[in-house]
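Asks: Below, each chain spelled out in residue letters.
Number of protein chains: 2
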Amino acid sequence: MTEVKEEKTLAEEMGEKIKEISIAEFFEKNKHLLGYENPTKSLLTVVKEFFDNSLDACLEARILPTIKVSIKEVKENVYRIVVEDNGPGLPPDKIPIAFGKFLVGSKFMRLRQNIGTQGIGAKGAILYAQLTTGKPAKITTYFKGKKYEIELSIDVIRNEPKVISRKEEPIEKNLHGLKVEVFVEGRYIEKGQSIPTYLKYIWITNPFTKIVYDGPNSSFTLERVVNELPKEPKEIKPHPYGVELGRLKRMVHMTKSRNVVGFLTSEFSRIGRDSALSICKIAKVDQEKKPSELTDEEIERLHKAMQSVKLMSPPTDCLSALKEEYLAESLKKEFEPEFVVAVVRKPAVYRGYPFQVQVGLAYGGKIQEITQEAILLRFANHTPLLYNQSDCAITRAVEEVDWGNYRLPRNSKGLPPAPLVILVDLISVWIPYKSEGKQAIAEYPEIIKEVKLALQEAGRKLSIYLHKKFVREHLAMRANIFEAYSEVFSEFVSDLTGKPKEYIKNKLIEIIRRGEYKDGEEKKMKEEVIEVK
Amino acid sequence: MTEVKEEKTLAEEMGEKIKEISIAEFFEKNKHLLGYENPTKSLLTVVKEFFDNSLDACLEARILPTIKVSIKEVKENVYRIVVEDNGPGLPPDKIPIAFGKFLVGSKFMRLRQNIGTQGIGAKGAILYAQLTTGKPAKITTYFKGKKYEIELSIDVIRNEPKVISRKEEPIEKNLHGLKVEVFVEGRYIEKGQSIPTYLKYIWITNPFTKIVYDGPNSSFTLERVVNELPKEPKEIKPHPYGVELGRLKRMVHMTKSRNVVGFLTSEFSRIGRDSALSICKIAKVDQEKKPSELTDEEIERLHKAMQSVKLMSPPTDCLSALKEEYLAESLKKEFEPEFVVAVVRKPAVYRGYPFQVQVGLAYGGKIQEITQEAILLRFANHTPLLYNQSDCAITRAVEEVDWGNYRLPRNSKGLPPAPLVILVDLISVWIPYKSEGKQAIAEYPEIIKEVKLALQEAGRKLSIYLHKKFVREHLAMRANIFEAYSEVFSEFVSDLTGKPKEYIKNKLIEIIRRGEYKDGEEKKMKEEVIEVK
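Protein sequence lines, in the order shown, are assigned to chains A and B. Residue numbers for the first sequence follow this note's numbering, beginning at 1 and rising by one. Residue numbers for the second sequence follow this note's numbering, beginning at 1 and rising by one.
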């Protein structure tokens, strides 16, 4: 509160500089938030966004997905990317806002397991395309016997779609699907954090998907491993434990329910009439009161009461895990390991959101040819996360597991030094990504705990296998040594008994090969394995 | 393109689910993106957002900042936070949008060194307050002889401010400043990633600021270390090397210039008439053409030509580094080390954006009582980054420096194990934060390189000090040993020369203490130091 002369001018000057920008403008300048921070990652992000959308659409429409990805270099560092699906498509009049306006989407407030949720991804890819090559996106959809081709770009200043051309032509009636074509600047790589890697990994956790890839240097087709879709995840209502006061206030004013009890039972999961009545009682709120007439203090008391009442965990049919055998099967196909195990945990809850962890371990075999350090594959809602590994709840959980407990080389810091693939997939109605680029998961303790439990369960199974392998190898070695001596030994026994040497030798070898000592030893060693915590 | 029956219904069903959400709704659900992921961090983030705004406003108005922060627990885990500054304030009619609407701000497209830029921070804090306690924010501003008190909340569905009350009363004419008051849920901690730590650190890099803190458990005042503001950073125009094609297209259509040459020279930095003419020539574009009449192909050729022409780096008066001695002084005051060094690098450029690195090292002294592991203090535009250390360009650079080269214990991974404070401050017209929460910097190679160079320069100075210290200690030790023998030695010399023993002994001690051997050795050892790369 000091005194100066020019204060008024200053305040007014400050005021005059204030202006609004659009969310499109914000993301254009902050494109790295969406995953566009270098040419390699940018190319991958574009493919990922369209591919994820296609997969989501097919799953939502309960169609076995066939998704084609084509990438061609049209000039140095400029690529034409086409992603095409056999999903339900979209009505042509919805295409412009669905692809040309940020924060428009179908999944934002729905509590259901989806890949996309933000209404940002596809727009980001189109924005990046127009920013780097100046070219509009071309969206093709099949709708009611017609094929529509719409060229559009994003009016960045207004965050509105700008339709550049629209063509339609009659087609065979029952065709369906959606195709997106963009031109982007980027750098293509074949291995590592690359588009082929992304497609192979997403196919592991979506084994009901057929993927046809036509890249600049390679082409491949990944056939379905299974021919059925996973069970359909249901949409759920918010659980009272996860609702903040501010949101409750808004819900109170927007509800169509006529009284508080009706509001509580219809807008939340796991509140029945009895719970609703006891919430009202604890909160000292009239159960018949019209929600919109509740005072701020009453809403506050309701909020507190909701947290204090004992309620069931949210329903978990909003989640759709893979079957363990499918996950194991996919890992086998991709990595050809000598041993594979998959574990799917029961659903758990953080902040009122249900979530579930599934993990797979693939050990040895062909993996030995690729790596002597464990490889971690992170997934969220069955989608691979290829970047920001060091800053992710999944990584933290994997590093906190003491792999030495499972007959693997102990990991001091980081991943265990072993020919091992560790797959972790977190599914939830709401994944807490660390940024809009969706490459890492925030470190909620509940999530880290569940991932660790799943890994430990899988680890124990791997440990049993490794132990059996050790016993087998040990016995084989002993048998080999014994066989080597069998010549001398049978001569000696033959001399002693008068029986022919050949007869004795054959008998001996038979005994050795049957592994007479095995059972007793194995039993003992198995007990050891179980002792491992 | 397979056939199904219900295709049309599906597409239409999908279409019907599409809806728009507001940016406020997006951030409400994704509040962890803004730094609201746990109660401790959330409380800090609220203070940080308002404090940074206050500091920015004072700096912009060229007022020596005095900022008061008050935090009081009003009930369990609910705090009243007040941040008050002596800045220019804002006209009352601008308050609602400045504090109640996301993506409104004064700094978004300006290329100038500011703390805030996004038009998100303060709104996020107010949103978090209303979400957790349901209470509106109260903003007080002094404007033209009146004090205005405005209570407001954010209409989340529409991303619009909702003014709840507005009071005004006459005050003494020349008062100025702004005060924000909110009630938030959170957890208060005194040490570590805490509010007091934040304030102490921001004061180190803003030593011209007076901070008055009144916390739940402690109060303190941090007085100005210097009484002058750093030079005012200038706003610059975009540099041609950093402009993407899509943005150039938009600029072409929005410019007021009448021809291409005028457009190029007036909208960009470092394009004079000669460069503009040669860009036109290379691009085969008529220099007199009206910008809005350029074809897409012509703009593309211009874009390419702009990148190929040799231009000066962008001007760097948009950056305002601290003076090295101020930085060193602040470090000394805060940590009381035995040695301190500060290095301010020359500005460099990434993607057309100028940036500059300043570092400080404080070694030993009182630091020895706090830690035996180096502490890293990260800053961006003079603001501390307290979270996400492991995932930041600054951390990466610090870890890549081989500290063993500077007479410190060698760091195998991570920070060197030494009683050392490493301060790194990155200033730029555009800091590439990894998320809206602004706690980590994206790993651009240019940035990592500059940070390393700065640290190496400081490291060399530390190394010289450590060497001197070593020599000093070494000589002192030798002198001590010599002194211990001086009794016997002087007896012997006394016998030999017939001079009194006391006389010889005093002479001897005099020689030892003068450190006769020192000069020669020091010189030799200094040479060694310089050899260290």
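What the hints contain is simulated information worked out from the structure, not anything from laboratory work. One thing to keep in mind: the hints can contain errors.
You can't tell identical chains apart in this list, so a pair holds if it fits in one copy or across any two.
Stated by the list, open to error - Within a straight-line C-alpha distance of at most 27 angstroms, the following computed DSSO-like cross-link-like pairs (lysine-lysine) qualify: (1) 19 <-> 162; (2) 505 <-> 323; (3) 332 <-> 191; (4) 231 <-> 256; (5) 449 <-> 41; (6) 289 <-> 333.
Asks: With reference to the structure, classify each hint as holding or not holding.
Replies: These are the hints, each one checked on the structure:
1. Taking the shortest alpha-carbon separations for residue 19 and residue 162, both the intra-copy value of 23 angstroms and the inter-copy value of 18 angstroms come in at or below 27 angstroms.
2. When the C-alpha separation of residue 505 and residue 323 is checked against a cutoff of 27 angstroms, the pair qualifies neither within a copy, at 50 angstroms, nor between copies, at 91 angstroms.
3. In the homo-oligomer, the alpha carbons of residue 332 and residue 191 lie at most 27 angstroms apart inside one protomer (20 angstroms), although the nearest pairing across protomers, at 50 angstroms, exceeds that limit.
4. For the identical chains of this complex, residue 231 and residue 256 are neighbours neither inside a copy (32 angstroms) nor across copies (58 angstroms), given an alpha-carbon limit of 27 angstroms.
5. In this assembly of identical chains, residue 449 and residue 41 lie within 27 angstroms of each other by CA distance solely across copies; the values are 21 angstroms between and 30 angstroms within a copy.
6. Within a single copy, residue 289 and residue 333 get their C-alpha atoms no closer than 60 angstroms, and across copies no closer than 61 angstroms, so neither meets the 27 angstroms cut-off.
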